[in-house]
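> As a plain string of letters, each chain reads:
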Amino acid sequence: MDPILKIDCVTKRFGGLMALAEVEYEVRRGEILGLIGPNGAGKTTMFNCIAGIYEPTSGQVVFSPEPGKNIVTNGFKSEKVTKLGIARTFQNIRLFNDLTVLDNVRLGCHCRTSSNFFGAVLRFAAQQREEQKIIDSSMHWLEFVGLGKNALSDASSLSYGNQRRLEIARALATEPKLIMLDEPAAGMNPQETQMLIKLIRAIVAEGITVVLIEHDMKLVMTICERLVVLDHGILIAEGSPKSIRENPMVIEAYLGRGAA
Amino acid sequence: MQRKLFFVFLIAALAYPLMPLSSDYVLHVMTLIMVYMVLAMGLNIVPGFCGLLDLGYVGFFGIGAYTSGLLTVHYGMSFWLIVPLAAANGAMWGVLLGAPTLRLTGDYFAIVTFGFSELVVLFLTNEIWLTRGPLGLPGIEPVSLDLSFLNPDWFWYFDGEPPYFYLAIFLVAAVYFLLKRVEDSRLGRAWFAIREDPMAAASCGVNILNYKVIAFAISAAIGAVGGSFYARWYLFLSPDMFKFWESFLVLCMVVLGGLGNLRGALFGAVIMVSMGEVLREILPALGLPPEVRFLVYGLLMVLIMRFKPAGFFPAIASSGKTNPMLVALEKRICETHGGASGSDS
Amino acid sequence: MLDQLLPQLVNGLTLGVIYAMIAVGYTMVYGVIELINFAHGEIYMFGAFFCVMFISVFGVPFYLAIVLSMSCCAIMGILLDIVAYRPLRNAPRLAALITAIGMSIFLQNLAMVIWGSRPLPFVQDAVPAYLNETAFSMGEVYLTWLQVFIFAVTIAMMFGLFFIITYTKIGTAMRALAQNKTAAALMGINVNFVISFTFALGSAFGAMAGILVSVYYNTLYPTMGYMAGVKAFAAAVLGGIGSVPGAMLGGLVLGVAEALGAGYVSSLYRDGVAYAVMIAVILFKPSGLLGKSVVDKA
Chain Y
52 MDPILKIDCV
62 TKRFGGLMAL
72 AEVEYEVRRG
82 EILGLIGPNG
92 AGKTTMFNCI
102 AGIYEPTSGQ
112 VVFSPEPGKN
122 IVTNGFKSEK
132 VTKLGIARTF
142 QNIRLFNDLT
152 VLDNVRLGCH
162 CRTSSNFFGA
172 VLRFAAQQRE
182 EQKIIDSSMH
192 WLEFVGLGKN
202 ALSDASSLSY
212 GNQRRLEIAR
222 ALATEPKLIM
232 LDEPAAGMNP
242 QETQMLIKLI
252 RAIVAEGITV
262 VLIEHDMKLV
272 MTICERLVVL
282 DHGILIAEGS
292 PKSIRENPMV
302 IEAYLGRGAA
Chain E
3 MQRKLFFVFL
13 IAALAYPLMP
23 LSSDYVLHVM
33 TLIMVYMVLA
43 MGLNIVPGFC
53 GLLDLGYVGF
63 FGIGAYTSGL
73 LTVHYGMSFW
83 LIVPLAAANG
93 AMWGVLLGAP
103 TLRLTGDYFA
113 IVTFGFSELV
123 VLFLTNEIWL
133 TRGPLGLPGI
143 EPVSLDLSFL
153 NPDWFWYFDG
163 EPPYFYLAIF
173 LVAAVYFLLK
183 RVEDSRLGRA
193 WFAIREDPMA
203 AASCGVNILN
213 YKVIAFAISA
223 AIGAVGGSFY
233 ARWYLFLSPD
243 MFKFWESFLV
253 LCMVVLGGLG
263 NLRGALFGAV
273 IMVSMGEVLR
283 EILPALGLPP
293 EVRFLVYGLL
303 MVLIMRFKPA
313 GFFPAIASSG
323 KTNPMLVALE
333 KRICETHGGA
343 SGSDS
Chain G
2 MLDQLLPQLV
12 NGLTLGVIYA
22 MIAVGYTMVY
32 GVIELINFAH
42 GEIYMFGAFF
52 CVMFISVFGV
62 PFYLAIVLSM
72 SCCAIMGILL
82 DIVAYRPLRN
92 APRLAALITA
102 IGMSIFLQNL
112 AMVIWGSRPL
122 PFVQDAVPAY
132 LNETAFSMGE
142 VYLTWLQVFI
152 FAVTIAMMFG
162 LFFIITYTKI
172 GTAMRALAQN
182 KTAAALMGIN
192 VNFVISFTFA
202 LGSAFGAMAG
212 ILVSVYYNTL
222 YPTMGYMAGV
232 KAFAAAVLGG
242 IGSVPGAMLG
252 GLVLGVAEAL
262 GAGYVSSLYR
272 DGVAYAVMIA
282 VILFKPSGLL
292 GKSVVDKA
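Protein chains in written order, with our numbering: chain Y, 52 to 311; chain E, 3 to 347; chain G, 2 to 299.
Incorrect hints may appear among the rest.
With a cut-off of at most 30 angstroms between alpha-carbon atoms, the simulated DSBU-like pairs for lysine-lysine come out as follows [what the hints assert, rightly or not]:
| id | chain 1 | residue 1 | chain 2 | residue 2 |
| --- | --- | --- | --- | --- |
| 1 | E | LYS333 | Y | LYS184 |
| 2 | Y | LYS200 | Y | LYS228 |
| 3 | E | LYS182 | Y | LYS134 |
| 4 | Y | LYS269 | Y | LYS184 |
| 5 | Y | LYS249 | E | LYS310 |
| 6 | E | LYS310 | G | LYS182 |
| 7 | Y | LYS128 | Y | LYS200 |
| 8 | Y | LYS249 | Y | LYS228 |
| 9 | E | LYS310 | Y | LYS200 |
| 10 | Y | LYS57 | Y | LYS269 |
| 11 | Y | LYS128 | G | LYS286 |
Rather than coming from a laboratory, the hints here were simulated on the basis of the structure.
These numbers come from a predicted model, not from an experiment.
Chain Y extracted, bound-state conformation:
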């Protein structure tokens, strides 16, 4: 039972505000884990601590891309974390709006490729091959999320739901071992949510572990194998969807005292 990610007693303080307080849990290899909790619980802060945007005030984030290889990622910059194999999407979609759909995904391929200034200018055969590989790889992921035919359109011309898929395609292009999706279903209608469920299952089938922040409870209960619940920075419950649904502390956190 070798977890791909271990959150070991992580605390994050911003001045006087305690955003995360000694949170401890594991992410198992190949699972779909849901990170839920009311607004302001610290879920995105958790993602940011893992992704390298924040450094934990104390505690450790331990990433294990392969069994037996443990890396403490505290203080690593975003770009380094991505290179190690953790990808993420953003709560408020952060696409490169002035670029094409294809270019957005080609940027995802950045960390797995290497040509530099001289390659760009002199266009060696190796650089040209790499560029073709980047296009092929990007198209693969675009087809994977269902955006193949939009490849050459501007990213800003996509519908909201498709923009979310594009962001996922871009994250997948970084060839992650673990992908963190921050509210991927936000703003989606029921059909789109169904397609998202299929997409997430396909991602896991590729061997990628998925951690999901979501408010759409139907999605969460359908697709997640395990749930971790945060409230005001504290981990209040952990377990199967069924057990979480019936957990009085969780119900109280979402609906207030007296609703349990």
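Use these hints to put chains E and G onto chain Y, whose structure you have.
Chains E and G alone, transformed into the frame defined by chain Y:
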């Protein structure tokens, strides 16, 4: 249509010096415009692709010019050897200045670059043993092209404006071609990403600081190349040719054309330099001293920022729509999905 | 060597309080609208020129001319904001910065067109004669009444500014605006009015500095604002941009550093001291001596 127009214009420009009524003055101005085109393309990289404001670009221009001038005067070095050396020197200073400062926010970075270029001018003015200070550096050898090892007659001495005119065209074309290639590459895409959204770029694995330093170094190298040409063309250098005003002028050209837009930078250079020359002629006729043109420049910048802050060509240049790989891709998409590549709007 | 120290120190402090006066204008404006007002140096310069104009063209006595120039510059500062900066309040930073530089160049050249680019002497006959007499002396060191006047005026104005910022309603509004513009507006503060007031105040200080310098060195010229502006800006950065006490402290430190540097190290790189200080502060302690440390928001 636009391409045809461009070629007609290009042929006209190339043939101009050979025409009977061509004037040295016009050639001089056109060459000057082209020097500024090179500088504008170089400066364009930093605010255009990295979103940072470089207020000290003239510092690199000056470093390149004096490198070129001094190597020529003391060692009689060939121009063709000086250019890569000046570029390397510029790039080195770009890295030295950029590495510690590119992590700063916009305002602070602007101030530091400004301070740097002023220190360069101070150095050039005070280190008389090296640069002759305010007396300037006269008597720089013009460019010469020595292919006499192939054929004893093939030695050309760049005398007068026309050879420099053609050399300048070549320089502008080379820099343009180089940067166009960079735009349509992994490096160029990374730069666009940094400009658009650094956090998202980092999440794609782009090492923000490294790429900013690379951009700054390339920008500096191009400035230095422009300077090295200038020294061997103008044949005289003095520190007060490299004051802050020049940095501002080039910045105006870049902003006028639209940040990040290569063609816009060329346009900006043409407009600003020709406007300067026109004003220099008109103002005395209106009874005003020619210095008033600086007043006009200042006012113009204020007005443009007020009414057209994105410049005249605001769109980020679409990277490589003509790239053969993408053309082939478009065809494939059409075949697979039927009909034109769709947008959802 | 050391006998030079005291005179250089006095020199440096005189320079320093003047830098402080100008720096305070930069820092107040940056505090409320996060803009480096490049044209501030030109207002300093116009202060000197207005004063000379009032004295020589309108025959106004010395002290009254000072007050009138300061008022004119205050108005000039307000106009500068309304005409050039206010329309760009929500524009990208680059646009505002370029506008500021553009205005600076415009004003500099406007002065050149009006008064010519050659340095002019100050109207010495208008200056009360006692100002040029020695007030105190101690061996090699002597202070003229003019220097005493400079110190007295600047210190008085600094205290006045401190009082305004700390104890008056509008001063509190300025501080609120500097911390959080939206919240300040929501609290009913008339943002535009406070910003205009800040410009007026800063410009008045700048004008006074310009007048004092032109009397002290007996010269004024259209490009005097450039160098002084850069140095004062370096002082503001040194003290922590946005902090008024910081600007005062930064001005003094820079003035002394420059005088001692020019006296003991190299007078050629005198101006370089300001640039070097600016770069060093930004690289190693961007929040300056008294500024708040910049928290990294992700």
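> The structure should be examined with respect to each hint, and the outcome stated for every one.
Do the hints match the structure? See the list:
no.: 1; hint: LYS333(E) <-> LYS184(Y); result: holds, 17 angstroms
no.: 2; hint: LYS200(Y) <-> LYS228(Y); result: holds, 27 angstroms
no.: 3; hint: LYS182(E) <-> LYS134(Y); result: holds, 28 angstroms
no.: 4; hint: LYS269(Y) <-> LYS184(Y); result: violated, 39 angstroms
no.: 5; hint: LYS249(Y) <-> LYS310(E); result: violated, 47 angstroms
no.: 6; hint: LYS310(E) <-> LYS182(G); result: holds, 26 angstroms
no.: 7; hint: LYS128(Y) <-> LYS200(Y); result: violated, 34 angstroms
no.: 8; hint: LYS249(Y) <-> LYS228(Y); result: holds, 19 angstroms
no.: 9; hint: LYS310(E) <-> LYS200(Y); result: violated, 35 angstroms
no.: 10; hint: LYS57(Y) <-> LYS269(Y); result: holds, 27 angstroms
no.: 11; hint: LYS128(Y) <-> LYS286(G); result: holds, 22 angstroms
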